[in-house]
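**Q** Residue numbers (the working numbering), protein chains in the order written: chain D, 1 to 526; chain L, 527 to 825.
Treat the hints as calculated values from the structure; they're not laboratory data.
Careful: at least some of the hints might be erroneous.
Subject to a maximum C-alpha distance of 25 Å in a straight line, what follows is the list of computed SDA-like cross-link-like pairs (lysine to any residue) [as the list claims (entries may be wrong)]:
(1) D:349 with L:594
(2) D:349 with L:642
(3) D:221 with D:25
(4) L:712 with L:642
(5) D:397 with L:712
(6) D:459 with L:783
Keep in mind it's a predicted model, so treat the numbers as computed, not measured.
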Amino acid sequence: MPTHTLISPSQKRIDTALVHRIGQSLDEMKDDQLNLYLADTVYKERHRLQQEKDPFDDPEKEAIESLARSLLSGKKEMTSAAEHLVRSYSHEIHNRFSERTFGAATKLLPPALNRLLSSSGPSKLLGAGFDAASRIVVQGPVDQIRSLSENHTLVYAPTHLSNLDSPLLGYALHAAGLPPCIYGAGLNLFTNPAMSFFMSRLGAYTVDRRKKHRLYKDVLKAYSTELIGLGAHSLFFPGGTRSRSGLIESSLKRGLLGTAITAWQEGLAENRDKPEIIVVPCTITFSLVLEAETLIEDSLASEGKARYIITDDEFSEPSTVMQYGRRVLNTDSSVIIRFGDPIDLIGNKVDDSGRSMDNHGRSFDRREYVSNRSGELVRDLQRDRMYTNQLAQSLCKAYQQDNVVLPTHLAAMAGWTALKRRYPRLDTYQLVLLSSHERWVDRGETLTILNDLLQQVRKMEEQGRVHTHLPTTADDLLQKAVASFSRFHRNATLEFEDWRILVDPKLALYYSNRLAGYRLALTEKA
Amino acid sequence: MNIGIIGSGAWGKALATLTAKAGHAPRIGFRGTRPSGFPGTPNLRTLTEESELLIIAVPAEGVADAIQQAQPGAGTQVVLATRGLQPQTGHWLSDLVLENTACRRVGSLAGPAMASEVVRGRPTALVIASPFDGVCSATQTALHSEHCRVYTTHDLQGVELAGAMVSVLAVAVGIAHGVDLGVGAKGVIVTRGIAEATRLGTALGANPQTFSGLAGVGDLVSCASHADHPSFSTGVKIARGGSAASRVIEEARSVLSLAERHDVDLPLTQAALAIMTGKLRPKLAFNDLMRREARPEPF
């Protein structure tokens with residue numbers, strides 16, 4: 001297995017780079033634009049700091065007030081106050097990053113993962129007989145990706161369902177002999193002590209999603225551009241946050257994704273040794289999702305109340321994570337991590353040597369996308385945003401194709417469909433509020449629906465539209481799914497009761513949503 | 527600017543005339559007879575490689591072949607100056623470029639310009655739709671002059687859909703003219719037809735304002751006011767017992783299939799298709815439309 005190291009620039013270098021990058025963009029603004037831009041920071045940060053009243057935020061408060069005072073002065077004063085804040089953000093984002101601890105953690109990754117999932121804190125890292133290699137399945141063109149990583153910087157772009165995604169993906173990279181990557185982890189993820197210990201040693205940089213103003217977002221983008229430009233393989237969850245509904249991402253956030261195209265052009269302009277960047281789509285599929293109950297509750301909450309940051313889910317309870325590790329992850333194929341075909345920054349597939357190919361397999365020079373007919377690079381931010389949109393579309397397409405259908409998804413869809421048929425006049429919100437004695441469906445009918453779904457999914461797999469990991473018959477599939485569902489959630493999603501099946505509508509909806517994008521057609525009830 | 531135009535028919539030549547009036551020296555890519563008045567080449571690949579902007583001005587059924595021969599690459603900017611959807615599949619014409627080549631910078635040119643009027647120097651206007659500002663500005667540079675105003679929009683799908691629906695609606699106006707329903711009825715078809723296009727466009731994520739612009743109302747009024755316009759004259763012919771060209775029938779079917787997938791009701795388009803395929807007599811079809819339930823105008 002090759003030994004990988006992670007590029008880890010010094011704090012000083014990062015500070016200088018970020019101040020330079022942000023300084024350049026501030027310089028390009030007119031006085032009134034700059035004033036408006038920084039006033040947005042002052043307004044949003046004052047509001048946040050007032051709401052949260054965190055004593056540790058006092059230095060930040062001072063920096064914000066200093067920025068507020070500068071708004072009454074000239075451009076020089078405003079820029080200087082902004083630079084002070086940029087340095088502070090640079091420290092906050094980069095400070096957990098340590099090459100030394102990263103190197104050690106990479107070697108300790110498999111046992112560390114076992115222990116993460118079986119312990120309540122770093123001081124209690126005890127073995128639990130968890131064998132990650134047989135439980136977590138890694139699929140896809142890993143040889144090609146490994147080979148590409150030697151001469152290209154990789155950007156992994158996975159789907160996002162759980163806070164466990166990043167450590168599991170970290171494991172998958174290690175298991176497949178792929179280089180590790182840096183990634184942004186929300187401050188809230190550090191509430192679990194074991195997870196915090198683990199993540200801060202795995203290339204995680206800190207993202208404070210409470211800070212919603214443009215300056216902070218621009219600093220994050222500058223950080224990402226700088227690190228990718230230096231050749232650091234990176235990971236973004238382009239969906240932005242965990243899928244609340246269980247749906248596969250169909251629209252993506254373009255902010256961080258767009259930093260790759262900037263880094264690529266900077267690399268070309270500066271004739272760097274390794275300017276080329278390749279994106280690797282990736283799907284992470286769980287038989288059961290740790291935070292399913294909280295996520296679907298949040299998804300069903302009225303739009304205005306849905307939370308972007310959730311701090312009180314199952315992930316924040318170490319004992320629940322431990323239970324999940326033992327009961328769910330410790331079963332065969334409970335997690336399937338599938339890497340998709342690598343693509344360029346516009347969304348075209350690449351060949352083994354990293355050359356871009358059109359849909360007919362003809363290779364071409366992708367630098368033409370960003371240069372004129374004389375071969376000179378042409379900077380055009382609007383064009384690059386459109387290219388990033390096209391990359392996002394290609395990623396969404398790849399997520400559908402690389403998704404792996406598991407028994408729990410298909411059985412949940414059958415249960416949810418049977419429930420809808422039993423109550424044809426009720427809408428989704430009424431169905432999820434059914435009382436417990438109303439939540440049963442006929443077992444035979446559910447099996448018929450399941451069989452119908454199974455045939456369709458098999459056909460889709462033959463057409464290359466999806467992947468599956470399913471038993472042969474609908475009966476076996478239902479048995480397997482019901483057994484899985486009984487392992488973890490407070491209420492089983494599906495549960496046998498004689499000739500009928502009890503359905504938890506919220507969880508059934510959540511797990512069936514994984515297949516919603518395929519528009520499976522069901523034969524109407526006779 | 528080096529501009530290549532694929533298509534040596536009336537519309538290709540009209541666009542070449544407009545680019546020349548805007549101060550450029552366009553070259554025409556052709557098959558068969560060499561066009562007069564402009565330099566041309568039968569080698570579409572070379573034309574593409576040498577053009578900063580490639581305009582494709584061939585009928586919808588010829589676009590796939592033109593693209594296959596031209597092979598626009600990653601550095602090419604392509605503008606489709608063809609109205610309609612892909613024959614057989616009903617997909618967007620721009621998808622032919624995006625799915626079969628490395629080219630990503632694509633636009634669609636539409637509007638009320640009539641080839642016969644353009645070559646006579648009559649004033650006109652066009653709209654270029656592309657998500658890429660670069661394609662929009664290059665097209666403006668290529669075509670904008672005192673003879674032709676060129677407007678821009680990012681709504682590529684809206685403009686492509688408007689083009690497809692205008693073809694069908696212009697046939698419907700022609701039918702109304704042919705059975706002598708009067709000027710008022712033609713006005714109703716134009717406005718309610720645009721309402722249908724707007725409904726479908728909105729469902730597809732297009733900008734509803736696109737349909738009241740040059741590619742929608744502008745193009746439809748122009749097609750429906752010109753006795754020699756192919757769609758309008760097809761409608762008149764059908765009203766008088768003739769048959770419709772299979773292309774316009776296909777177009778109507780494609781639009782209706784899109785509408786069905788997005789659960790949008792298009793009664794006028796449905797009636798037009800029923801008449802074109804001989805399933806309903808024109809007057810009967812219009813009577814059915816008039817008997818529909820009363821409703822507020824925006825819908």
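**Q** When the hints from earlier in the document are held up against this structure, which numbers fail?
**A** 2 and 5
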